[in-house]
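Here the protein sequences line up with chains A and B, keeping their order.
If you count by my numbering, then the first sequence holds residues 2 to 284, one letter each, in order.
If you count by my numbering, then the second sequence holds residues 139 to 534, one letter each, in order.
It is possible that part of the hints are untrue.
Stated by the list, open to error - Some but not every residue of chain B turned toward chain A, in silico, with C-beta under 7 Å: (1) 185; (2) 346; (3) 384; (4) 427.
Just so you know, these hints were derived from the structure itself, not from any lab.
Remember, predicted model here, so these are calculated numbers, not experimental data.
Quick reminder that beta carbons are idealized off the backbone N, C-alpha and C, glycines included.
Spelled out, the chains give:
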Amino acid sequence: MLGNLVGVLFDGIAYGSLLFIISIGLSVTMGLMNFVNLAHGAFAMLGGYACVIMMSRLGVPFLVSLPIAFMVSAAAGIVLERLLYRRLYRATHLDQVLFSIGLVFMSIAATTYFFGSQQQPVQLPEFLRGQVHILGLDLGTYRIFLIAVVLAITLALTWLIERTRFGAEIRASVDNQQAAAGLGINVYRVFSLTFALGSGLAGLGGGLGIDPTFPLKYMVYFLLVVAVGGAGTIKGPLLAALILGVFDVAGKYYVPQIGSFVIYVVMVVMLLLFPHGLVGRRA
Amino acid sequence: MKRRNSSARRRFITSLAATAAAAAWSPRSAFAADPLRIGLILPLTGPFASTGRQIEAACRLYIARNGDTVAGRKVDLMVKDDTGLAPETTKRIAQEMVVQEHVAILAGFGLTPLAFATAPVATEAKVPMIVMAAATSVIPQRSPFIVRSGFTLPQVTAPMAEWAAKNKIKKVVTLVTDYGPGLDAEKTFVKRFAEGGGSVSDSLRTPLRSPDYAPFLQRVKDAKPDALFVFVPSGEGTAVLKQFAERGLRESGINLICTGDVLDDDLLDTIGQPALGIVSSHHYSAAHPSPENKAYVDGFMKANGGMRPNFHSVGGYDGMHLIYEAVKKTGGAADGEKIVAAMKGMAWTSPRGPMSIDPATRDVIQNVYIRKVESRDGHYWNVEFDKIDNVKDPGA
Numbered sequence: 002m003l004g005n006l007v008g009v010l011f012d013g014i015a016y017g018s019l020l021f022i023i024s025i026g027l028s029v030t031m032g033l034m035n036f037v038n039l040a041h042g043a044f045a046m047l048g049g050y051a052c053v054i055m056m057s058r059l060g061v062p063f064l065v066s067l068p069i070a071f072m073v074s075a076a077a078g079i080v081l082e083r084l085l086y087r088r089l090y091r092a093t094h095l096d097q098v099l100f101s102i103g104l105v106f107m108s109i110a111a112t113t114y115f116f117g118s119q120q121q122p123v124q125l126p127e128f129l130r131g132q133v134h135i136l137g138l139d140l141g142t143y144r145i146f147l148i149a150v151v152l153a154i155t156l157a158l159t160w161l162i163e164r165t166r167f168g169a170e171i172r173a174s175v176d177n178q179q180a181a182a183g184l185g186i187n188v189y190r191v192f193s194l195t196f197a198l199g200s201g202l203a204g205l206g207g208g209l210g211i212d213p214t215f216p217l218k219y220m221v222y223f224l225l226v227v228a229v230g231g232a233g234t235i236k237g238p239l240l241a242a243l244i245l246g247v248f249d250v251a252g253k254y255y256v257p258q259i260g261s262f263v264i265y266v267v268m269v270v271m272l273l274l275f276p277h278g279l280v281g282r283r284a
Numbered sequence: 139m140k141r142r143n144s145s146a147r148r149r150f151i152t153s154l155a156a157t158a159a160a161a162a163w164s165p166r167s168a169f170a171a172d173p174l175r176i177g178l179i180l181p182l183t184g185p186f187a188s189t190g191r192q193i194e195a196a197c198r199l200y201i202a203r204n205g206d207t208v209a210g211r212k213v214d215l216m217v218k219d220d221t222g223l224a225p226e227t228t229k230r231i232a233q234e235m236v237v238q239e240h241v242a243i244l245a246g247f248g249l250t251p252l253a254f255a256t257a258p259v260a261t262e263a264k265v266p267m268i269v270m271a272a273a274t275s276v277i278p279q280r281s282p283f284i285v286r287s288g289f290t291l292p293q294v295t296a297p298m299a300e301w302a303a304k305n306k307i308k309k310v311v312t313l314v315t316d317y318g319p320g321l322d323a324e325k326t327f328v329k330r331f332a333e334g335g336g337s338v339s340d341s342l343r344t345p346l347r348s349p350d351y352a353p354f355l356q357r358v359k360d361a362k363p364d365a366l367f368v369f370v371p372s373g374e375g376t377a378v379l380k381q382f383a384e385r386g387l388r389e390s391g392i393n394l395i396c397t398g399d400v401l402d403d404d405l406l407d408t409i410g411q412p413a414l415g416i417v418s419s420h421h422y423s424a425a426h427p428s429p430e431n432k433a434y435v436d437g438f439m440k441a442n443g444g445m446r447p448n449f450h451s452v453g454g455y456d457g458m459h460l461i462y463e464a465v466k467k468t469g470g471a472a473d474g475e476k477i478v479a480a481m482k483g484m485a486w487t488s489p490r491g492p493m494s495i496d497p498a499t500r501d502v503i504q505n506v507y508i509r510k511v512e513s514r515d516g517h518y519w520n521v522e523f524d525k526i527d528n529v530k531d532p533g534a
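Okay, chain B solo, but in the shape it has when bound:
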């Protein structure tokens, strides 16, 4: 009796040691029955909190609609706030998630510097990293484990320049915020617009914290261009559009064109009247006419107290779709290289329309739509009226 007992104990201890050793050797070769842990790092407080809220809500909606198990594994979404300001914080959170929590996949990343800081962690740990919001061209080149589900700024800017050149707009002044994405937008617009035969007479850059756009807009008014191209971070759009209207630029024959960041669906109703009639280019509008999008918008607003999904939210939603489908393909195995391989070339119909992952660059390929702000039943929407199919990132 005693002996059997001790041998059973010995067997138990050996197997425990073996498990521990196996775990030590390869922490992520988890059993199929283990939960699939996804580490979602987002700015949930601070100036970029809206981005984080939208993406988190979209990820949770995806799980609610598609079940919380995939390929036999329970999905465990771990959400952490990085405040959006400090790249080293994002990196530290990613390290903790990989080392201590054994997450199989990292996701989120509100801004470019945060994605840059985390890229080495993904490479070293061989953990796929889904970039849902940060929009600088070069991000996927920073690690072979990065796959982008959001958009790139040049990708949505180039179509605006081409559309303007084709639509009797000859002379443009550009106004961008003086930081990385703003400079990207300016560069892409100036290049593409010149190729289309137009000329940019002046390129203005405003400081990141600019309480007053008056002097810049006055300069634009005096320059009398056919159109003003604007790129500012989404929260600043309200101030620019208001002062544009207040200063009477539209009455003096200047059109405002911009990327969809300025006319963020989340803020469009608070911008209100001054936005009416403005033409913009972007990959997602909550007014996109498709059954997939209708179901998405209805579900999103219902689950979030009427908050309207914006362009960042689809980055989160499609990011979750990528993860689910890739894990299905690998049969539940969470091997980083296999998951990234499964994501390459994947194509599907998102709420935003058809999209795919470029197998060569791991970046997103999608339709870019030209939209105009219209008012319908007391709300303002970006209504799509033209599109450019399958736009690849043109590079910055």
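Okay, chain A solo, but in the shape it has when bound:
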């Protein structure tokens, strides 16, 4: 029984890590730039396809393809930000939502046209397959890898935003665009880079089993994480993703009859308790 509990916790944390990777980029764009980008999943999908194509057609190793996926999504982020998103920074949230959901449908149609509707499986390298046995528990190697990636991302992002000059520029630009610009910060460049960062992080999350419906399939999950966690921080979505992941897995394991609803119940309870998200960003 106790063994089960530890196993469930482990799977939950791993699942939460996956949720965190696909959501953190949204927290960056939504919280720091105040842009509701529903097309976040489309960037994740782009990264995913980049991964799959590099591995299956060009023979690039998995670990190398992940950073490239990040760069491909980030590059697409810069281009689209310059061409389209920039025009909507001052628009209402409804306009932003309509615009970005339109992008989602275009991305779905485009990928279906080029790659077909079937799932593109990601062939994991040998050392990430199977399980390792630690203290009588069977732990999936790939899940351990996911958790490690999340640790690395969290540390890197926290450092970037809290400790570097670029991080300070982001925070300044968000808090007061005019004052930041007056101090000589190139606000547009900062936003472009922030947007690219958010898109790139989405790309990392996409390299994990991908088909053209990905942006819609996961939309609920990443909105959930950002809503519960609070946009604009890193700790908030991390905490939210882990809590949601653990409760989702535990629910499905212990009470499979209602398992798929548990995650939504948790969301409702958390939103009642913390209407501004677990970790609110100071205004």
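Place chain B on chain A using the hints.
Relative to chain A, chain B alone:
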């Protein structure tokens, strides 16, 4: 001169009016020389696009191999995309095809709700409706004009349960997707397996959009059954089989058994290694050893850039066969009641093996095969090793 001219004109106008009146009275009593219009409604975009692509390719292959005229009438295949998601769209397309395009026969139908929505149109217009893919038992009862050329889920599930019970599998956990067909599969499996003397210790249902099967599979692993029975929509099979292998369920002595939907021929190569050795039951495998099937698979792959035909494709191919043979029997007349009557009891050898249409239920009767995934020249195939002859739909 003038008078003759005017009388000729009058005659012409009268005959025009007569034609128009005749057309108005019975829009489908077309002349034998008119084209035979078949309205094929399929999901060609959206999540079920693979089903539509397979069926369309198979129908076109049938026409290419059997000529585009039947009983003196040219076959005009009208293909429309219903995206597979909205029953009212499918119904509207069917109505337009019947009223404006005067199609003689409706065909296709990727999913059960789409077939349900269209059934009243077929009944009202007295147009035969060939259900090529949707697989719920009750579909043919919704209209006397429905004939099924695909399969039913209980029909292919029951043999799996019986085979498992006979092959030293005593305790099973079932894992199905929580939607109509999944519940049908679960119900049929549990009932038939119990009748065969086995016991189902747990029945798990996963949500339709489940990115992670880990908790369910962990539960299965801890329950230690002899086998896990799985039914999920074909695209989801990849994820389940991968996680089944990754979690080491096979090493802990649990066999995976499933219906052939999970091991869809179209996807089997992309599932790859984790599928190896898995036993399933289905009515069609691209590896079915017969000259008819060899010619079919070769022709299909050649015409479609190497795409392998799957179980939905034969629903389309045999549906076209039904239409051709029935129209031959009626001598080219496209009267709905006569066509359906001609289809009842029809029997032939399909690429999938021998099959027939039950005259009482208008549903398909066919062999169901037990297969095992093997690897041959770098590709994965469902190789048949046992069969149950002439399986009727057992009902849900």
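Taking the hints in turn, this is what the structure says about them:
1. 185: Status holds, d = 6 Å.
2. 346: violated (9 Å)
3. 384: Because about 6 Å separates residue 384 of chain B from the closest Cβ in chain A, which is inside the 7 Å limit, the hint holds.
4. 427: Nearest chain A Cβ about 26 Å off; hint violated.
The structure fails hints 2 and 4 (numbered hints given earlier, in ascending order).
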